[in-house]
Amino acid sequence: GQQLNQSPQSMFIQEGEDVSMNCTSSSIFNTWLWYKQDPGEGPVLLIALYKAGELTSNGRLTAQFGITRKDSFLNISASIPSDVGIYFCAGPPGNQFYFGTGTSLTVIP
Amino acid sequence: DTAVSQTPKYLVTQMGNDKSIKCEQNLGHDTMYWYKQDSKKFLKIMFSYNNKELIINETVPNRFSPKSPDKAHLNLHINSLELGDSAVYFCASSPSPGRERNTQYFGPGTRLTVL
Numbered sequence: 001g002q003q004l005n006q007s008p009q010s011m012f013i014q015e016g017e018d019v020s021m022n023c024t025s026s027s028i029f030n031t032w033l034w035y036k037q038d039p040g041e042g043p044v045l046l047i048a049l050y051k052a053g054e055l056t057s058n059g060r061l062t063a064q065f066g067i068t069r070k071d072s073f074l075n076i077s078a079s080i081p082s083d084v085g086i087y088f089c090a091g092p093p094g095n096q097f098y099f100g101t102g103t104s105l106t107v108i109p
Numbered sequence: 110d111t112a113v114s115q116t117p118k119y120l121v122t123q124m125g126n127d128k129s130i131k132c133e134q135n136l137g138h139d140t141m142y143w144y145k146q147d148s149k150k151f152l153k154i155m156f157s158y159n160n161k162e163l164i165i166n167e168t169v170p171n172r173f174s175p176k177s178p179d180k181a182h183l184n185l186h187i188n189s190l191e192l193g194d195s196a197v198y199f200c201a202s203s204p205s206p207g208r209e210r211n212t213q214y215f216g217p218g219t220r221l222t223v224l
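Just so you know, the sequences run in chain order A and B. Residues in the first sequence are numbered from 1 upward in steps of one, following our numbering. Residues in the second sequence are numbered from 110 upward in steps of one, following our numbering.
Just so you know, these hints were derived from the structure itself, not from any lab. Among the hints, a few may not be true.
Under 7 Å between C-beta atoms, here's a sample of chain A residues computed to sit facing chain B [said to hold, decoys possible]: (1) 31; (2) 41; (3) 42; (4) 43; (5) 45; (6) 52; (7) 78; (8) 86; (9) 97; (10) 99; (11) 102.
Here are the simulated lysine to aspartate or glutamate pairs, EDC-like style, with alpha carbons at most 20 Å apart [said to hold, decoys possible]: (12) B:150 to A:54; (13) B:153 to A:41; (14) B:118 to B:139; (15) B:153 to A:17; (16) B:145 to B:127; (17) B:150 to B:179; (18) B:150 to A:18; (19) B:149 to A:54.
Cβ atoms here follow ideal geometry from the backbone N, Cα and C, with glycine treated the same way.
Full structure from sequences and hints, please.
Take a look at the structure:
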């Protein structure tokens, strides 16, 4: 079945650094979503992308819908300790819905 | 004020038992989902209901049976629990139609431990 591969799998960064992560699929997506999951909580939607090439920001977060429609990118600028968590890409190829493998982010104060 | 709520938050039970997890959303959404998150944090959709009708039924054992009494509720019943069922189960909902139909809102999860 469809698999969304995220990289890197985990990141350990110093507070204040910028973060980049990406997500690739074997299928074309019409929507890309980025979620964050805090420990012990459910995923929370960060950014939704609906068009190839689209670049959308939400505070210090910026995400892009890849022009091939098979990838997406998430950047976090000037990381802070509360950015810790697991970041998931997600999307629907057709009528199904898949989550990526996740990128675990640790921010060291 | 909780948008998507699940009960219980923790569930510890013996192998072979039958258990249910309840989910309710007060967002007025038409579509609800159940996901399973394993120990490696991989999230996999199990079921999706739209206006009380099943629209996605991934390959899960038939010991798992969702029930939607109305569009604000989607419960998950599990028969004959097995060790491999231990996981965190998330309920979610999304509005429809329109492009926002895929923006899902998640509950806090139910951690199921089968002994």
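Hints versus structure:
1. The closest approach between the C-beta of residue 31 of chain A and any C-beta of chain B is roughly 5 Å, which is under the 7 Å cut-off, so the hint is satisfied.
2. Because the smallest distance between the Cβ of residue 41 of chain A and any Cβ of chain B comes to about 6 Å, under 7 Å, the interface hint for this residue holds.
3. Look at residue 42 of chain A: its Cβ gets to within about 3 Å of chain B, closer than 7 Å, so that hint holds up.
4. Interface restraint check for residue 43 of chain A: the shortest CB-CB distance to chain B comes to about 5 Å, inside 7 Å, so the restraint holds.
5. Among the interface hints, the one on residue 45 of chain A holds; its C-beta lies about 6 Å from the nearest C-beta in chain B, closer than the 7 Å criterion.
6. Interface restraint check: residue 52 of chain A against chain B, minimum CB-CB distance 14 Å, threshold 7 Å, status violated.
7. Interface hint status for residue 78 of chain A: violated, as the beta-carbon distance to the closest one in chain B is roughly 26 Å, over 7 Å.
8. The interface hint given for residue 86 of chain A is met, as the beta carbon of that residue sits about 6 Å from the closest beta carbon of chain B, less than 7 Å.
9. At a threshold of 7 Å, the smallest CB-CB gap from residue 97 of chain A to chain B is about 5 Å, leaving the interface hint in force.
10. A distance limit of 7 Å between C-beta atoms decides the matter here; for residue 99 of chain A the minimum to chain B is near 4 Å, and the interface restraint holds.
11. Satisfaction of the interface hint for residue 102 of chain A is found here, the shortest Cβ-Cβ separation to chain B being roughly 5 Å, below the 7 Å cut-off.
12. Under the criterion of a C-alpha separation no larger than 20 Å, the hint pairing residue 150 of chain B with residue 54 of chain A is inconsistent with the structure, at around 28 Å.
13. A threshold of 20 Å between alpha carbons decides the hint, and for residue 153 of chain B with residue 41 of chain A the separation of about 16 Å falls inside it, so the pair holds.
14. About 24 Å separates the Cα atoms of residue 118 of chain B and residue 139 of chain B, which puts this hinted pair outside 20 Å; it is violated.
15. With a C-alpha separation of about 31 Å, the suggested pair residue 153 of chain B and residue 17 of chain A falls outside the 20 Å cut-off, and the hint is violated.
16. Between residue 145 of chain B and residue 127 of chain B, the direct Cα distance comes to roughly 17 Å. Compliance with the 20 Å bound is thereby established for this hinted pair.
17. Of the supplied pair hints, the one linking residue 150 of chain B and residue 179 of chain B is violated, its CA atoms being roughly 30 Å apart against a limit of 20 Å.
18. Our distance criterion of 20 Å between C-alpha atoms is broken by residue 150 of chain B and residue 18 of chain A, whose separation comes to about 24 Å.
19. Under the criterion of a C-alpha separation no larger than 20 Å, the hint pairing residue 149 of chain B with residue 54 of chain A is inconsistent with the structure, at around 31 Å.
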